[in-house]
Amino acid sequence: MPTLLDKVWIIPAVMAASFLLILFLGKRLGTKATAGIGIAAVSLCLVFSVITAGQWINRVNHPPTGEALASDIRQANGLTPQTPEEIESEINSATKDSGETVGAGDAQPSSESQAATESGAATTSEGGHSSEGSHETVPPVVRTVTWFEIGPIHFEAGTLVDGLTAMMLVTVSIISLLVHIYSTEYLRGDVRYTHYYAFLSLFTASMLFYVMSSNTLQMLVGWELVGLCSFGLIGHWWEDKKNSDAALKAFLTNRVGDMGLIIGVTITFFAAGATSFNVLHINEYALSPGANTTLLLVGALCLFGGVTSKSGQFPLHTWLPDAMAGPTPVSALIHAATMVVAGVYLIARLYAVFFEGLGIGSSSLHYVAFIGGFTTIMGGALAFAQTDLKKVLAYSTISQLGYMVMALGVGAWTAGVFHLFTHAFFKACLFLGAGSVSHACHHTFDMREMGGLRKHMKSTHITFLIATLALAGIAPLAGFWSKDEILAGAQQGQEHAYTLMLVFGLITAFMTAAYMGRAYWMTFWGEYRGHGTPHESPKVITIPLWILAICAVLFGFLNLPAFFNAPSWATTRFEHFVEPTFAFPAVEHPEFTPWLAVVSTILAVAGLAAAYLYYERNKGPHGLTQRNRLAKGGYTFLENKYYLDTLYTDIIAADTKGPLARAAYWFNQNVLDGIIDGASAVTKKVSGVVYHGVDQMVVDGVVNGTGLVSEESGQFLRRMQTGKVQQYAAILFAGVVVLAGVLVFVV
Amino acid sequence: MLINQFLFLGAILFCIGVYGVLVRRNLVLVLMSIELILNAVNINLVAFGAMWHATDPANLSGQVFALFVIAVAAAEVGVGLALVLMIFRNRQSIDADDVDLLKG
Amino acid sequence: MLALLVAQNIAFYVIAALIVFGALRVVTCKNLVHAALWLVLVLAGVAAQYILVAAEFVAITQILVYLGAIVVLFLFGIMLTRAKTGTDTDLDHGSGKKIISGVIGLLLLGIMGYALWDEYRGQEIGNLTVQRTAAVSDSIFSTYLLPFEVISVLLLAALIGAIVLARRD
Amino acid sequence: MTFAWDAPSVDFHALAPEIIVAATLVILLLVDAFTGEDQRWASSSIAGIGLLVALIPIASLAYDGTTRIMFGGGYVVDNYALVLKALFLLSGYVVVLLSTNYIAEGDYWEGEYYQMILASVLGMMVMASARDLVSIFVALELLSIPAYMMAAWRKRDLKSDEAGLKYYLMGVFASAVMLYGMSVIYGYTGSTLLADIAPKIGALATSTPLVTLGIVFVVIGFAFKVSAVPFHTWAPDTYEGAPTPVTAFLAVASKAAGFVALLTLLFVGFWPRHDVWEPLIWVLSAATMFVGNFIALRQTNVIRMLAYSGIAQAGYMLAPLAVAGASPEAASQALHSIVIYLVIYAAMNLGAFAVVLAVARKTRSAESDSFGGLFSYAPGLTVCMSIFLFSLAGIPPAAGWFAKLGIFQALASAGTTSGYVLAVIVALNSVIAFAYYGRLMRIMWMEDAPDGDVSPIRVPWSITAALVLTVGVTLVWGVLPGLVTHFTDPITLLAVGR
Amino acid sequence: MKDFLNSWGLSLAIFVPLVGAVVMLVIPKAKEQLHKVIALATSLVVALVGVLLLANFAYDDGKTLQFVVNKSWIPFINARYELGIDGISLPMIALTMLVVPLCIIYSWNHFPEPKNPKAFLILILILETGMIGTFCAQDLILFFVFFEVVLLPMYFMIGVWGGEKRRYAAMKFFLYTLFGSALMIVSFMALYFLSDKVPVAGGGFAHTWSMQELPVAAAGISTTAALWIFGGMFMGFGIKVPMFPFHTWLPDAHTQAPTVGSVILAAVLLKLGTYGFVRIALPILPHAAEKWAPFIGLLAVIGIVYGALCCLAQTDMKRLIAFSSVAHMGFVMLGIATLTDFGINAAIFGMVAHGLITGMLFFVAGSAKERFHTLDIARLGGMLKQMPRMGWILGFSAMASLGLPGLAGFWGEFPAILSAYNPGGNLNAGLFRVYMVVAALGTVLAAAYLLWLYQRVAFGTPKEEFAHDPHVHDVTFTEYVAWVPMLVLIVVLGFFPNILFHVTNPAVTHMVSAMGLGS
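Chains as they are written, first to last, in this note's numbering: chain A, 1 to 747; chain B, 1 to 104; chain C, 1 to 169; chain D, 1 to 498; chain E, 1 to 519.
In short, the hints are calculated from the structure, not lab data.
Treat the hints with care, since some could be wrong.
[What the hints assert, rightly or not] 30 angstroms max Cα-Cα, derived DSS-like pairs, lysine-lysine: (1) E/K385 <-> A/K27; (2) A/K684 <-> E/K369; (3) A/K32 <-> E/K385; (4) E/K369 <-> A/K242; (5) A/K458 <-> A/K32; (6) E/K385 <-> A/K684; (7) E/K463 <-> A/K685; (8) E/K31 <-> E/K115; (9) E/K369 <-> E/K385; (10) E/K165 <-> A/K684; (11) D/K159 <-> B/K103; (12) D/K159 <-> D/K362; (13) E/K2 <-> D/K362; (14) E/K115 <-> D/K362; (15) E/K369 <-> A/K27; (16) E/K165 <-> E/K369; (17) A/K724 <-> C/K97; (18) C/K97 <-> C/K30; (19) E/K463 <-> A/K242; (20) A/K539 <-> A/K27; (21) D/K362 <-> B/K103; (22) A/K242 <-> E/K385; (23) E/K115 <-> E/K165; (24) A/K241 <-> E/K165; (25) E/K31 <-> D/K362; (26) A/K242 <-> A/K684.
[As the list claims (entries may be wrong)] Stretch by stretch, here's where chain E covers chain A in the computed footprint (C-beta under 8 angstroms, at least three residues): (27) 141-152; (28) 251-258.
[Said to hold, decoys possible] Distance windows between CB atoms, simulated: (29) E/V481 <-> A/Q696: 35 to 41 angstroms; (30) D/A59 <-> B/R91: 44 to 50 angstroms; (31) C/L106 <-> D/D38: 57 to 63 angstroms; (32) E/N70 <-> D/S418: 33 to 39 angstroms; (33) A/G678 <-> E/D469: 35 to 41 angstroms.
Source: prediction; values computed, not measured.
Using N, Cα and C, we set each Cβ at its ideal position, and we do this for glycine too.
Next comes chain A alone, as it looks inside the complex (with noise of 0.2 angstroms):
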């Protein structure tokens, strides 16, 4: 059967032809067709990219055997087993290698295995593996062509298809979309149209082109490209100095991380034999039982240094808030939806490396969950100092990418992806309401300069709304689903050892509540503080809001748990198809832990609730700041009285997140950015005095020093030149006298 599965590279071909006839053509075509040439071409990606899907699906509903299952093992890590016992190993040690290895299935026969043991990690859990664990090994479809040769070695380009590829096909053809339709009006008239989006068709080709490589190398590229694109689009309005700056630090941070991107690149391809860059060769090496852990260590920290950039971790995520300089659509593709889960991405596809280097599934605590914890707090916190929408929505991105960094960190693969998954609608939602608002307000994100929005943007109002709590978790939006299962991964995870990631992603839960709330609250709530009068926007924002709103509601139930005995066509189904099988670590699938949802329920909740309070009922002219608050405090004693009473804990809290926070952002803003910064003015002193001091100085002055000294020696010599001739002829007798006495008496 001709499938898609062999062809996803037109995908990515697709963009890129579009991006080639924009950028040549869509000067002269208008604005119109050059819109109309990128929408059409994002369409066509996502029929593909559905199809796609659907025939992933259909391939993990019908897994090839015999014959088909090795020619596809061969061609999935790069090696090509000759004699038919080679090729039985090969199936054996591969699906071995899975971990999950064959299930209870029909098709093959049960071998009940305990590869997972292998890597001392605890069995699957019992519930996973009845309900809906049948597992079989579903290699990915790998076509490669040869790239390049070097030496003996043939490197190979060529696409990957497995589940995690085909979601984030989707994901990103679903996103680029609506956003390509929104932009047509959000930047209408624009000075650079085409330039636009020549970017956006640009950039949409060079993510498809990154999930669906086949190799670390192929994945480079495609991720330093959506790097470029970003920079060109955070720089868009480059007319003005603070936006072009936005977009060098996006690049440059993203440089100091892609430094440890190609080293970790380097250090795989030689850990695994010096052989391919193929990532199912790479994770397989990491599984097989001779695997050098120390290299896989410091590979995979090296890789998570390109992760740590990418997807704004701590410490480098200073620049994705100055990328909120770029249009609020590409805020809401690129540095919300696709490009920041690129790191995310990075680790879900390498996963067999993290999970051996690191020793998820064994440890209680290591960098990467770590990092992800930790800046899953910290973005929340910061979140709250902040004034611009955009802003405080950059801010949860960075709260989120830890979320899924962390569930990646603990184990729980599925739920990290899951929550990249829809991370990606709400967020972008949110975004893009942002942008509808700012479009309404004559452009300011400031949201001192709003509220009451409710009244004039009813659409934007609501979809905004539902985002807000999805992304606060609540139960049964898509957010809460995730967020939960991340929950339920770190309370689970190995033992019950990452409770500090537990109690990390509890505190989070709250805090995105809160500061979500906080944002809602002043947007849409209040009297209009901004100047004119704002209206609804056109349809062609509104309806891919609403689109991304229902995506927001449903998509949670992708992957509903084991728990609530619905059908197996409905359970786990994200599970079922998008986890690897193939070259992929034991992790575990924790259960649906109901106390768990539901603290976790109440946590959002209270956040919300506490925002309400802090920012709604308390509202003042300009009702933020404390002096404010106590001068109101007798106009609405009784009723703070009554909500303190109640909500006592969460007041303090609130009261001390606020100067937390506020620390926090200084701690940002002057320590950590200052670092950054200060990196660049450091090296920009160092590169004056090097250039100046050294080579100028120094090495230049070497060599014209040497001419001075040749010329004036040339002067003395000359000087000795007299013009007297019997001054030559006492030289003259003089060297007589040197060099035959020496001679006569030496030799």
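Take the given structure of chain A and dock chains B, C, D and E to it, following the hints.
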């Protein structure tokens, strides 16, 4: 007689000549000093010639060499004096120190 | 034989002393013409030494060429350059240069003396026999024919050149 | 003892080149005597023709190829001598070409001038064949004495007088030192024949002080001739003061003659005592390169610069001698490299002087500044000069690179540390040297004419001919060095290769 | 055809430019248009020869020398006119043949002061002869000759057509390079004499200069001697590259040179040095190379960081690009220093990529200079607004230069870094891994200075003094013609690196295995 008697005489004369060409400012005197040096060489040649003649009567090279040196010396002095005269005619001086237009 | 040797040696040392003294006067005296005359003494002394080693032809040539021609040339030179006939203080360089020149001369003498002494020490000059003029001429016109011819060209060229340079025009 | 005189056998074929030159000299003398002032132009033609005609027997001798030995080994006509004689004749011819207009227009003594050149060239030719101390001495004087006078040929010019006097005095001092050395060598060996000297001074394992003294003195005499430091002091002054064609003659032919003598002496006469002269030459070579180049850096007069450059070039040429004793192969390499260098050096240096002459016809100056803007009004001359300067600097494809390559090769072939050190010194110096060659080039190409006068230069045919000859040779040899080595390949010196 | 190419192809490629130059020499200066046409035609003929060579090159057999010519040249020293190209030379030759016509086209209507197209174009053609000759030569002496021939035209190009301090720069360029080549030739000599004699055609044995024979013949050289010889070559080639600390001629030369001069300098001339390492120093003296490699690697990474730091301190755009060359060539040298097939392939790729990219940057800088009459970064700004196309091209080139994957620059940098992880021979892997990290840091700095440059030059609004300057116009037709091929190549090579690796790999692999250092 010792061969060294003559050789040392030659050496002394040579060095006196060298001293002369270095300290005399008058060019004619410099030319005279040159003659001292050439004579020193000739003393050597003749003395050596005599020495070798004593062992090999056919060996007359020393004397012949000396004759050539005398002839060349004559030519040199002639040319030298011509140059000095020319200098004198152009500069009204034969002080060696005055001849220092060219230097550096 | 011994007497002859003694006489030879005495003659050598006397003449040598005269030569050295004359040479020193040539390079030190303050009167140009005197210097030329001291040179005559030196040249004559050298001729005498040639006779002592039985090199008659060279001795005669020495007298003819040097005393007969070169010294006369010098005197012409002295006159043509209208030098003072009396003493002249401008003949020498200052004492600093004299010292340097003296040092150079003495060092040179030291080196040459060392080399000569090291080689010959007390070696006799050997059994002196008269070096006959005919033999000398044989030698010149066979072995040294070519240099002889060359030197004729040399003298011709020197003659022409010297005339060109020295003549008034 | 018989008094019967045996007429020495004279091979007139072998002596034909010398005889032709001498005859030309006599013819010139007669022409001079029997023609009036208005026919003096004929002198240069006669001299030039005589020099070219002398090449014919050289060619026939070379074709014949036998080594002819005369006067008991005192005079040898072999490939070595022939190549160098041809070099002297051709350089002499080019100098005649360069002189033609200079001497005629300057109202100098014309007929006598060419007689001087011929006499000097004759001396050089004799030098190439001389294998006997007396012959070498006489040849040296024959080539030097006319040269002294030629340097002073612009009689009424104070600088020219001074140049002649300085050259004369220093030359006489040096030849006195050399003579003393020769006398000592003769005294030690009892022979003036180089072939006899070699075994005698080589009899002992180590040198005695007297032999050392003799060798050092003789070498110093020729070190003067090739203007090696510290015996170089005359060269810049003389070069600057002398008439420019004479300077070219001194810088090329006279220096070559000095090297020829040095090669003959060291390789034939003093070969066994290379333990003495190798270090001596090493020091001279290194000092010559550095001093020559350093002072040249500070020169503002092109001729003076070329003089110092010539000193430095002499240092390069001396360098192979400093390691020649290491092995027969090294000696052979050294010999070839020096001869090749001399040949190429002659072409490029004469060419450079030709350009200077041509330019000076307009600017009446040899100051570097007067070359400013040359490219704008005399691009042909500028390109020629650039080729010569690049050649002097040793940059391909001008022939100088091959010359310098030969030096490096000779130094490396010895395989000794001192050889490599000297090679590095040569390398360093060729870099320093480019600083002043480049500076001149910069002035010509990149600066403006000092007085804004950009009227073109009229180059007389004789200089044009000289330029065509030298540029052609410089470029062709640079691209096809085989043409040079074809002639120099068969060269050997007697003691070499034992 | 094939036979003709085999025996005459390379000689044609080398000497056709010279013929063109000679023809132009005899045409009066005033006929400028004719000069341009002849020069362009000549360079196109050369390019055509190049295309034929490319078409007839046996790519699968890239390790063996092809189109070999081997004639006696200077029998006296057994130097031969030996030409031939393999997979290592081919890309360099192709690059040269591409860049020269583009430079001539670019110069078409804007010759730098003091004009004189005749002389300028003659120099370019002579330069082409020298460059192609250097890449074709298989005899050390022949190599040396061509290596030096390249100096002359460049010297004049900088000195006559250059900027304010052109004389100083030209002299410095020349003296530096001469210094290196002087030491290099001493090394060649030592190599010649210390290596074993090889059989010659006419019977008997002789020393050899042949790069093909020397790897075997030089095997017997003692370790110490080999180290010294390598040192001499290192100076010769290292200065040309230029490696830290011999780089100081480069910024001056680049800054002062006319645009075309800078382009050729960056695109081809610098490669002569690295090519020398790969072609001569490494194969002939592998064990000395192994001893020197850590040191070379050290200088290379110092160069990477140091060059980048110097870039950050620049106020002049051209000088900044010049210093970036120091950094980029550091990657090339790092690749070479690893002595692995990976590293050397990367180095060759890096050479080509750097040639194209930095050449492009210099083109843009030159065009900017022509419009603004200054390259002071502080005075520029808003190029994207005033000349959007040029701004885009500058941005593109800057991105390529900073090693963005997907563009050619990446394939020079990343494999070099990669190869440093696991250097060849008995090299200390730990040390090279440190180099690797430092080199990776260099990529960050590269991004910093290039983006900083781009921000200041292209972003923002045009400065008042130029805002209404009629001279400031967008990319012209000739500029497009000159630039587009390079831009296209940058992308094509970026996505299909195998175009180049396919050519170089057989040769490099063969060479590395012939070095026999083990691993």
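Against the structure shown, which of the earlier numbered hints fail to hold, in ascending order?
13, 24
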